[in-house]
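A.B. asks: Position one of the sequence shown corresponds to residue 0 (numbering that gives the first Met the number 0), numbered consecutively onward.
Warning: the hint list may mix true and false statements.
To be verified - Result set (BS3-like, lysine-lysine): computed pairs, CA atoms no more than 27 Å apart in a straight line:
{"#": "1", "residue 1": "Lys522", "residue 2": "Lys487"}
{"#": "2", "residue 1": "Lys312", "residue 2": "Lys213"}
{"#": "3", "residue 1": "Lys522", "residue 2": "Lys495"}
{"#": "4", "residue 1": "Lys312", "residue 2": "Lys376"}
{"#": "5", "residue 1": "Lys83", "residue 2": "Lys54"}
{"#": "6", "residue 1": "Lys509", "residue 2": "Lys312"}
{"#": "7", "residue 1": "Lys509", "residue 2": "Lys495"}
{"#": "8", "residue 1": "Lys312", "residue 2": "Lys352"}
{"#": "9", "residue 1": "Lys509", "residue 2": "Lys487"}
{"#": "10", "residue 1": "Lys522", "residue 2": "Lys213"}
{"#": "11", "residue 1": "Lys184", "residue 2": "Lys213"}
{"#": "12", "residue 1": "Lys312", "residue 2": "Lys522"}
{"#": "13", "residue 1": "Lys122", "residue 2": "Lys312"}
{"#": "14", "residue 1": "Lys122", "residue 2": "Lys184"}
{"#": "15", "residue 1": "Lys509", "residue 2": "Lys213"}
{"#": "16", "residue 1": "Lys211", "residue 2": "Lys122"}
{"#": "17", "residue 1": "Lys509", "residue 2": "Lys552"}
It is worth saying that the hints were derived from the structure and are not from the lab.
Just so it is clear, the structure is predicted and the values come from calculations on it, not from any experiment.
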Amino acid sequence: MARSATRPTLVEVLVRHGLAREPIEHTLRRLGGVSLALGQTLVSEGVLSEEQLAKALAEQYGLPYDPLTEYRVDQQFYESISVKLMQRHPFVPMGERAGVLTIAIADPQNVLGFDELELLIGKPLARVVSSRSAILSALERSEGSSQALRELEAEYRSVLVKEDDRGEEVLTVNHVAEDQSPAVKLLDSILLSAMQRRASDIHIEASDRATKVKLRVDGILVPAMEPLDIRLHAPLVSRLKVMSELDIAERRVPQDGSFRMRLDRKTVDFRVSILPSVFGESVVVRILDREAITTGVSALRLERLGFNPEDLKRFRRAIVRPYGMVLVTGPTGSGKTTTLYAAISEMNTAEDKLITIEDPVEYQLAGIVQIPVNEKKGLTFARGLRSILRHDPDKIMVGEIRDAETAQIAIQSALTGHLVLTTVHANNVFDVIGRFASMGIDAYNFLAALNCVLAQRLVRILCPSCRVPVAAEQSLLEDSGLDYEQYKDTPFYQGKGCPNCMGTGYRGRKCITEFLDLTDEIKEMILAERPLSEIRYRAVTDGMITLRQSAIKKVLQGETSLREINRVTFSEEG
């Protein structure tokens, strides 16, 4: 690449950008006139930011500048270019046209390095300038590809953490070595890929000719990779059983186990459930990233979960009452535990004794006594709850009410001066009443203890990077129970799909809520066994926002789509 005779010096460009000439020339004299080191020296001394330097270098060399905001490398480039090469130089491939590959680099002054890259990649290169940290961030975001994973495996040292009978941790180091079986490498790839894609579960299913691996991301199953050869299924399941200390020979009955891995100085728990199916064993692995969860919970506040302002105000009032029961309800995976932990993190645990009993303890919080249920050893919710009451608690969290005995003790605790936070499986706030009645619980005591019921669901939030306004479809509005004439000019949104959201159009989830405050009037109507429709009407006139109304608010605010709320709630509910 021939140097242009008219190219300005870096000093001239920086002065044009508004920097004082004297300190820059003073730094240059200190460096013995070596202008190649000038930019990095000014950045390290805090005179310039990396971004300012990149823009100045782009102008000096007459090249485009790209901040690489949220940029991800296209997976096809990993097939021909090594991730290690990208990290060493560093650079990111951006696109190819007429045989010329465009790459983003941080240092256009390094002509020798650029020439070396052209030789190694084997094709002519065009340059775009970006900052070094932006390039490294883009590489970090992009390493979800199988090529990157294969290279990462060699550097990851996965440490399997077990517990002996005394509860002490014993380390078993499984080095990712060349002589390992394909099943071990494959499983490592699947686990790493799931972690990088923020998956909550991994599903491994056998069909007649292939093994399918799926990930649950934001509550939706997506394929993790192309279907695998069915011959890999048995070794893959056996490897999981070895890690979870399950019986390899047993393939006809369900098995449950768990293992813990230390990946890159981070401990992650995996819960494994295996079911026999027609074509082979079906496996679901639940991922519990302790560090990510604990970091998230320590900064967790109720307003970040997606509550509408009215329900948030009422729920906060309910959790600061000195006694009574606060019930959160919804199906499995609707974020009930996260809501309770957000509530706990807002309470003053310095003045109050707070004890939780859970199955299992998924979040670990400082200043709180947390008890894991252990049914094998006889520690059930009911037995643990009885013992908790002898520990003089102010507030108690019960992971879930599953039986009449736990329900009775929880109600008794709420009536005798404790605030009890708990969850129960029910579809909406009114189904809770029937759920407890079916357990044989006395309605009078239950209602006397109950402060409020919060029902919730999770809806996927549109990806901010690819969200676009769309015209409302008449059929979709009518299916959603909305009047077409009223909403035809309202802007609705949907996600086009981009690398940031793995092509789904959604990224992350928030809750929609339905909050029932148990006022004296509502309690009297329930005790008088008034029709459910009448009680619901009374609650709505008192200001209750239904799940459906809460969901539609999120659509009108542009946070989610009509199709998504129709997947989660019924239009009849509003």
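A.B. asks: Work down the list of hints and note, for each, if the structure agrees.
C.D. replies: Quick rundown of the hints versus the structure:
The hinted pair formed by Lys522 and Lys487 fails the criterion: a straight-line CA distance of about 41 Å is larger than 27 Å. In summary, the hint linking Lys312 to Lys213 is not supported, as the alpha carbons are separated by about 39 Å, beyond the 27 Å threshold. Of the supplied pair hints, the one linking Lys522 and Lys495 is violated, its CA atoms being roughly 47 Å apart against a limit of 27 Å. The suggested pairing of Lys312 with Lys376 is violated, with an alpha-carbon distance near 41 Å, which exceeds 27 Å.
A threshold of 27 Å between alpha carbons decides the hint, and for Lys83 with Lys54 the separation of about 26 Å falls inside it, so the pair holds. A hinted pair counts as satisfied when its Cα atoms are at most 27 Å apart, and Lys509 with Lys312 qualifies at roughly 17 Å. Restraint check for Lys509 and Lys495: satisfied, since their Cα atoms lie roughly 20 Å apart, inside the 27 Å limit. With a C-alpha separation of about 24 Å, the suggested pair Lys312 and Lys352 falls inside the 27 Å cut-off, and the hint holds.
Under the criterion of a C-alpha separation no larger than 27 Å, the hint pairing Lys509 with Lys487 is consistent with the structure, at around 26 Å. With a C-alpha separation of about 46 Å, the suggested pair Lys522 and Lys213 falls outside the 27 Å cut-off, and the hint is violated. Simply put, Lys184 and Lys213 have alpha-carbon atoms about 17 Å apart, close enough for the 27 Å limit, and the pair holds. The straight-line distance between the Cα atoms of Lys312 and Lys522 is roughly 21 Å, inside the 27 Å bound, and the hint therefore holds.
For the hint linking Lys122 to Lys312, the alpha-carbon distance of about 61 Å lies beyond 27 Å, and the restraint is violated. For the suggested pair Lys122 and Lys184, the alpha carbons sit about 32 Å apart, so the restraint of at most 27 Å is broken. A hinted pair counts as satisfied when its Cα atoms are at most 27 Å apart, and Lys509 with Lys213 qualifies at roughly 23 Å. Between the alpha carbons of Lys211 and Lys122 the distance comes to roughly 37 Å, so the proposed pair goes past 27 Å and is violated.
Only pairs whose Cα atoms come within 27 Å are accepted, and Lys509 paired with Lys552 is accepted, the gap being roughly 13 Å.
When the structure is compared with the earlier hints, violations turn up for hints 1, 2, 3, 4, 10, 13, 14 and 16 and for no others.
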